[in-house]
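Number of protein chains: 2
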Amino acid sequence: MKNAIVGQSGGPTSVINSSLAGVYESALERGAPIVYGMLNGIKGFLEKRVVDLSLYFKNSLDIESLKRTPSSFLGSCRYKLPDPDDINNKNLYDFIFDYLNELNVGYFFYIGGNDSMDSIAKLSNYGKKINSDIKFIGVPKTIDNDLVKTDHTPGYGSAAKYIAVTMKEIIRDATVYGTKYVTIVEIMGRNAGWLTAAASLAKGVDNEGVDMICLPEIPFTCEGFIEKVKKLQAKKNSIVIAVSEGVKLPDGRYVCELNDDGHEEDAFGHKALTGTARYLANLVRKNIDTKTRSIELSILQRCAGHLTSRVDITEAYQVGGAAVKAAFEGNTGKFVAIKRISNAPYQATTTLVDINEVANYEKKIPLEWITEDHMQMKHEFIEYALPLIQAELTPIFVAGRPWHIKL
Amino acid sequence: MKNAIVGQSGGPTSVINSSLAGVYESALERGAPIVYGMLNGIKGFLEKRVVDLSLYFKNSLDIESLKRTPSSFLGSCRYKLPDPDDINNKNLYDFIFDYLNELNVGYFFYIGGNDSMDSIAKLSNYGKKINSDIKFIGVPKTIDNDLVKTDHTPGYGSAAKYIAVTMKEIIRDATVYGTKYVTIVEIMGRNAGWLTAAASLAKGVDNEGVDMICLPEIPFTCEGFIEKVKKLQAKKNSIVIAVSEGVKLPDGRYVCELNDDGHEEDAFGHKALTGTARYLANLVRKNIDTKTRSIELSILQRCAGHLTSRVDITEAYQVGGAAVKAAFEGNTGKFVAIKRISNAPYQATTTLVDINEVANYEKKIPLEWITEDHMQMKHEFIEYALPLIQAELTPIFVAGRPWHIKL
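Listed in order, the protein sequences are those of chains C and L.
When we follow my numbering, the leftmost residue of the first sequence carries the number 1, and every step to the right adds one.
When we follow my numbering, the leftmost residue of the second sequence carries the number 408, and every step to the right adds one.
I should point out that these hints are in silico values taken from the structure, not numbers from a laboratory.
Mixed in with the good hints there might be a few duds.
Here are the simulated lysine-lysine pairs, DSS-like style, with alpha carbons at most 25 Å apart [unchecked claim]: (1) C:K406 x L:K487; (2) L:K637 x C:K48; (3) C:K43 x L:K487; (4) L:K455 x C:K180; (5) C:K48 x L:K455; (6) C:K406 x L:K455; (7) C:K286 x C:K231; (8) L:K487 x C:K235; (9) L:K487 x C:K180; (10) C:K80 x L:K813; (11) C:K236 x L:K455; (12) L:K642 x C:K236; (13) L:K465 x C:K236; (14) C:K90 x C:K129; (15) L:K693 x L:K732; (16) C:K58 x L:K450; (17) C:K228 x C:K203; (18) C:K406 x L:K465; (19) L:K813 x C:K406; (20) L:K465 x L:K497; (21) C:K363 x C:K149; (22) C:K203 x L:K465; (23) C:K48 x C:K80; (24) C:K339 x C:K363; (25) C:K235 x L:K450.
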């Protein structure tokens, strides 16, 4: 029997460790003698930084702690494998396959988003070329929900729930004085507005909901924005707006680029798209006689393990298990997708998709799910997203704080 | 039997409605025919905007919802009553007492912080002067924990818990890539560092804890800060720092004033102390070869009703009840303080304090609770704060989101 290896890649989520738990338990159950974890994804693997996961997960409480610990237990990376067809990269790929054989690995799992699926595509394609019998399967993960060929991605439901809940709370807070106030909340999403759209889930009989939603799918003009805010505030004092960090001007620049101070960068030197809400709050204040506040939900929307969706965390575990099943049944170069069977009651299952149909594509919000005035989500979005934020998986609170497991 | 009236004032918290519930249920139990609520505090009262609370709280589920709903159910204000000894203000005070008599109110409760206690002091002093038999009692509330003569204030425990939990999550997220990274988290607190100090509660066997804490109690220099960050990052890559929005330079300016872009204002035109973390992250990037990220916890730290301390929310209810007991037993011009009996096991009770000893004073962190290098909290703080964040009061989740009650 061959061993299994698993890695985590890309931005962390609240539930990516639940997928790790799914891969780990399922691989052991199917008879893998050792389940290795690569530290910091494929980047760490290239430095031979791998661990035997049984050293860390000794009992079922460890597994439960793992499911409830946000961020990537194994560490992560943002590393794109080079072109396997380029002869200059042959040494790299030879190293990978030699090292996998040295570890007696027969099953390779990579939990991640777009770039990670690209890695799985390249490894499985190269593996086929050299007649390797190692199976490569991609496990979906991204709060951005921008992977194609899957109804949604694990990680999205919990981020959407966090956004819906905190928007409800922000709206309660913002109305407290009854004064003229414009609150602008910045939400992640570079090109796709799935997360920002989740702000629409704040609305209900016990909440007024957000007054405007600005998505990257819709070109943004500052003049149009100010006009809309003016009209909204003519009707009520406290206006709460959800804006995507990725909103762009008609000329293609991000709104946050209009800030003239320094730009922060993420861990890889990509320009961080922060400051959109701050810029717009300043703009409102210059144009309208109102107080303003800008709020960035920042990384809490992806790492708030204290507030996860049970549907999401369960599906994250399931796609891990389904990936193992697929590999042990002989599949390679596949991606585990989620297929929705029904909305009410919500039912979903997993299917396999060719990895080449997924890597490097990006799924945006259908424009017909956005109202004609571009300010709200239509019921189609609510029906799509609401099942994904249902139910909770309470943290294991120890002395008042959620218990985590770490390397 | 006389009626009771209650108002909420100042910045909202996650548990101020639990105090409202305590006042409401206790006043009814003691026989008050009507419990009125003033909308937007004393400001709304001056406009005769009062409601009969029984119209909103019809059963015990409403009360449970109220306890779990963040922000001020009745709305709030920031309004300081004018000097009652100034003859020019006689009409205002006459109006207040006439209207209270018109409503047949014998008991007046005001839930709030420093400014609210000032209002209670003025009203009770004026009441004594005119031989009114209306009883005025202050109910403490502030996330800032800066009221004197009380061990702590309701609202602080839940905010501190939110900060401890989210710092744990931010630290997990920030270490994921293993790269050089400085994360600076900005926490509320204009003059007192109680909230920022709560970041120290992230530390435990399952968490590395924050690497540095910057409190307003300690004068701040940019040079000293950069030197400390350099030393920290020489030892490990990912550095997480908690900084108070109120840190000040030796010349008295707030660090956030060094930002050259526009300043946001709160609902009353007070300059908002935002941008401290952003300024410092820019400064780090200019001086050290590292990536950075700045995060503002913003209003979530005071309105995150989805993550409250059960100790805090219970005490918030208790101080409401104790205020009613005090008033019905004939006290006026008093403030309900919390007195700690023991740390382990944590036990506390309520006492009455003369309101004039509380209003307009401010409690800061004892300097001897801060380590000599000014970077961490000593065990004295941990022993003080840890009991206040214990246990949870789970929201009533309906369709994936906490249920709230609103006017």
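The hints, checked one at a time:
no. : hint            : in the structure
1   : C:K406 x L:K487 : violated, 50 Å
2   : L:K637 x C:K48  : violated, 30 Å
3   : C:K43 x L:K487  : violated, 60 Å
4   : L:K455 x C:K180 : holds, 21 Å
5   : C:K48 x L:K455  : violated, 73 Å
6   : C:K406 x L:K455 : violated, 57 Å
7   : C:K286 x C:K231 : holds, 16 Å
8   : L:K487 x C:K235 : violated, 29 Å
9   : L:K487 x C:K180 : holds, 20 Å
10  : C:K80 x L:K813  : violated, 50 Å
11  : C:K236 x L:K455 : holds, 21 Å
12  : L:K642 x C:K236 : violated, 53 Å
13  : L:K465 x C:K236 : violated, 28 Å
14  : C:K90 x C:K129  : holds, 12 Å
15  : L:K693 x L:K732 : violated, 58 Å
16  : C:K58 x L:K450  : violated, 60 Å
17  : C:K228 x C:K203 : holds, 19 Å
18  : C:K406 x L:K465 : violated, 47 Å
19  : L:K813 x C:K406 : violated, 41 Å
20  : L:K465 x L:K497 : violated, 38 Å
21  : C:K363 x C:K149 : holds, 9 Å
22  : C:K203 x L:K465 : holds, 23 Å
23  : C:K48 x C:K80   : holds, 17 Å
24  : C:K339 x C:K363 : holds, 15 Å
25  : C:K235 x L:K450 : holds, 22 Å
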